[in-house]
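Trainee: Okay, here's what each chain looks like letter by letter:
Number of protein chains: 2
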Amino acid sequence: MEGEPTLRLRIFDLNCWAIRYLSKRRQERVRLIGDTLRREDFDLVLLQEVWSEQDYSDLKVKLAGCYPFSHYFRSGVIGSGLCIFSRFPILDTLLYQYSLNGYPYMLQHGDWFCGKSVGVSMGVRAPLLSLSLQLHAEYCREKDAYLPHRLVQAWELAQFIRHTSKAADVVLLGGDLNMHPEDVGIRLLCGWTGLRDAFAEAMHFEGCKNGCTLVPDNCFTDSSELLPFPLGIRIDYILYKAISSFTVKCEELKTTMGPAPGMDIPFSDHEAVMATLHIQRQGQPVGATSGTADLVLADVVTEARTEVGVGLRAAQRQRYSSGRMAVLALLLLLLQAAAALGTLAGLGTEQPFPKLSFCLLAFLALGVLVLATGLHVFHTMEVKMLHGTEDQMRMALRALQEHP
Amino acid sequence: MEGEPTLRLRIFDLNCWAIRYLSKRRQERVRLIGDTLRREDFDLVLLQEVWSEQDYSDLKVKLAGCYPFSHYFRSGVIGSGLCIFSRFPILDTLLYQYSLNGYPYMLQHGDWFCGKSVGVSMGVRAPLLSLSLQLHAEYCREKDAYLPHRLVQAWELAQFIRHTSKAADVVLLGGDLNMHPEDVGIRLLCGWTGLRDAFAEAMHFEGCKNGCTLVPDNCFTDSSELLPFPLGIRIDYILYKAISSFTVKCEELKTTMGPAPGMDIPFSDHEAVMATLHIQRQGQPVGATSGTADLVLADVVTEARTEVGVGLRAAQRQRYSSGRMAVLALLLLLLQAAAALGTLAGLGTEQPFPKLSFCLLAFLALGVLVLATGLHVFHTMEVKMLHGTEDQMRMALRALQEHP
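Top line first, the protein sequences correspond to chains F and W. Start counting the first sequence at 1; every next residue gets the next number (the working numbering). Start counting the second sequence at 405; every next residue gets the next number (the working numbering).
By construction, these hints were calculated from the structure, which means they are not laboratory data.
Mimicking BS3-like on lysine-lysine, the simulated pairs with C-alpha atoms at most 27 Å apart in a straight line are:
1) LYS653(W) x LYS166(F)
2) LYS613(W) x LYS428(W)
3) LYS759(W) x LYS355(F)
4) LYS570(W) x LYS166(F)
5) LYS241(F) x LYS570(W)
A few chain F residues that face chain W, going by a derived Cβ cut-off under 8 Å, partial list only:
6) PHE73
7) LEU91
8) LEU94
9) LEU95
10) GLN97
11) SER99
12) THR164
13) LYS166
14) LYS355
15) PHE363
16) THR380
17) MET381
18) MET385
19) GLN392
Note that beta-carbon positions come from the ideal geometry of N, C-alpha and C, so glycine has one too.
All chains should be modelled from the sequences, with the hints used to inform the complete structure.
Mentor: What follows is the structure, given as structure tokens:
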């Protein structure tokens with residue numbers, strides 16, 4: 001960016017909701033997204049939930065002229081769904097998978113299978129680190145069983161950004177964070193990394209009220225989900241941060257408002273977020289945060305740590321009960337084996353059970369043993385990761401309190 | 405490090421082989437390691453295979469005086485086994501888990517359960533990034549089924565170091581890489597990151613011949629493993645790199661030679677590696693690599709990509725055969741269900757099978773279905789990750805060839 005006084009960067013972010021066989025009018029919408037992107041000529045496009053590689057390839061072919069550089073991030077069983085299109089060269093990419101991402105047995109909540117991750121691309125026009133990502137979905141706000149997992153993801157994301165961002169002049173993050181602006185995860189992410197919310201900082205805003213990205217006006221949105229929030233909710237964000245001696249200003253932020261411009265259907269069940277940023281080189285490096293900010297941050301980290309602790313205790317309980325179940329199933333199997341051996345050795349004159357029930361019971365016990373062992377292994381990993389995150393947060397708190 | 409012309413840093417690295425119930429004379433050896441560390445007064449201690457948190461806690465208590473700062477990295481089912489002790493404050497830690505790490509069904513090769521990862525700690529005496537890690541073990545050199553996984557790990561590690569190291573002045577890596585010095589993974593890691601091998605750079609060396617760390621003189625080493633290498637092999641490394649305007653020189657490198665100094669047993673089945681580094685601030689930043697180095701690097705990346713491609717095709721075959729097995733089991737189950745329904749509806753006059761065999765067959769089919777589906781899901785993830793790594797390597801090659 002040397003020698004250029006100001007760089008104007010236009011960014012497009014959208015959760016595309018492009019699930020094969022499940023998302024309504026998927027192909028039509030992907031076509032529509034491609035057409036719009038080609039017409040509008042953004043600098044950087046961050047897309048999520050592009051689950052089908054075919055859709056990505058179609059977009060790539062269509063956008064080859066105006067966005068010659070792109071990357072699709074592969075992970076998990078289904079994929080990460082993340083991709084990036086760019087007008088400027090992508091020099092390097094990296095995929096960071098969160099250590100916790102829901103439960104494999106919650107098939108109806110497919111998060112585990114998606115391998116939720118953050119895709120990082122470096123070097124879109126000189127040192128610019130851009131991230132496209134999606135965090136674990138919130139299925140029930142009142143009783144949010146996935147809150148600890150989402151907090152672990154937010155923490156890992158924040159740590160990842162802290163550690164990787166030094167190589168860049170500007171960090172740009174776009175994605176579906178599945179958190180409301182006032183949620184502890186968002187405060188943790190922004191507080192711990194210094195990322196700023198384009199909606200809050202924008203000099204000019206145009207779009208849905210309060211910047212909402214899941215709105216009742218969108219015909220694909222499940223209206224029952226939005227009952228407690230009649231105006232909609234804001235869960236898709238563009239966040240940014242200037243490193244070293246740069247400043248970034250958000251000149252304009254826009255969201256789509258239901259139907260795509262000039263069309264009868266929306267791009268997706270989420271609204272697209274579009275930002276225009278001004279990046280400028282400054283003389284002196286940006287100063288450190290103030291003591292008051294550190295105190296607020298310490299409160300946020302404490303709050304997040306408490307929630308992770310709640311999740312840790314729940315995971316410990318599940319680990320214990322699955323372990324107990326596995327031991328019981330094993331005992332039953334051993335008992336049956338002893339009985340069978342006894343009969344074979346001619347100790348008992350008669351077999352106590354009919355053969356069929358005996359076999360059925362053995363298979364049932366075996367099934368329970370396998371399942372419970374699998375669960376035990378899984379929850380052990382969950383406990384380790386939650387524990388590790390709690391440790392890291394404690395270390396961060398200590399550092400905040402010692403060097404206020 | 406400002407204001408100090410030279411920093412002398414003494415590092416200790418050891419794969420401790422401290423597996424509860426399995427490793428011979430574990431407690432005695434952990435005590436011995438603790439005593440030696442307390443006496444020798446290193447600056448930084450990087451340990452691997454400390455699988456028991458109790459052992460870590462014992463070491464922590466014992467070393468609190470001379471190494472007041474430490475961290476244990478939790479991951480996987482059993483743990484990562486990684487920990488760091490330091491004379492200087494640890495400001496921040498981060499755990500990066502490799503996306504591939506063996507197969508959960510290879511119980512005898514426990515790698516999957518360990519959650520192999522790299523533990524990163526920042527700020528041991530000003531900006532110093534230190535990493536403790538272990539890569540996937542090699543169980544058979546001739547027919548090394550885990551080579552693609554180890555290469556993916558080496559690549560991810562290299563990418564991770566490239567992206568995180570900008571925040572540091574010096575990067576230090578110690579660990580059991582499970583690769584010989586001439587292996588493609590080591591060449592990839594060093595070539596792609598610029599890390600240098602302390603053994604190759606040391607001005608003074610003292611220890612086992614060729615710097616070997618698995619030697620026949622060690623009474624805990626499995627001698628059959630070392631039959632093709634009568635002198636031993638070198639798989640534990642200390643690597644380093646200076647960022648920005650620093651230089652690092654390795655003054656001295658030592659390894660233990662079987663029994664610990666003045667004792668009758670070794671610390672572990674691996675030899676410890678000890679390095680003395682000199683870190684100095686220089687006037688001008690270190691220059692970029694030359695064109696020739698880039699050409700060599702391109703060859704290494706191509707070689708690694710070929711191996712990853714071989715792994716990819718093997719994973720695709722396994723995904724296909726497990727998927728086919730699952731479909732066959734499902735068909736058998738459906739057939740049985742149809743037969744059972746037919747019998748219930750009175751279509752057939754007699755049941756074609758005895759009840760017991762019928763039930764046994766159904767349970768067998770169900771078991772195969774569950775197992776094969778699990779395998780299919782696992783190998784699908786493996787394919788995605790290998791494919792993603794191949795993509796990244798292709799992008800790296802393009803960058804190397806375009807900007808030689």
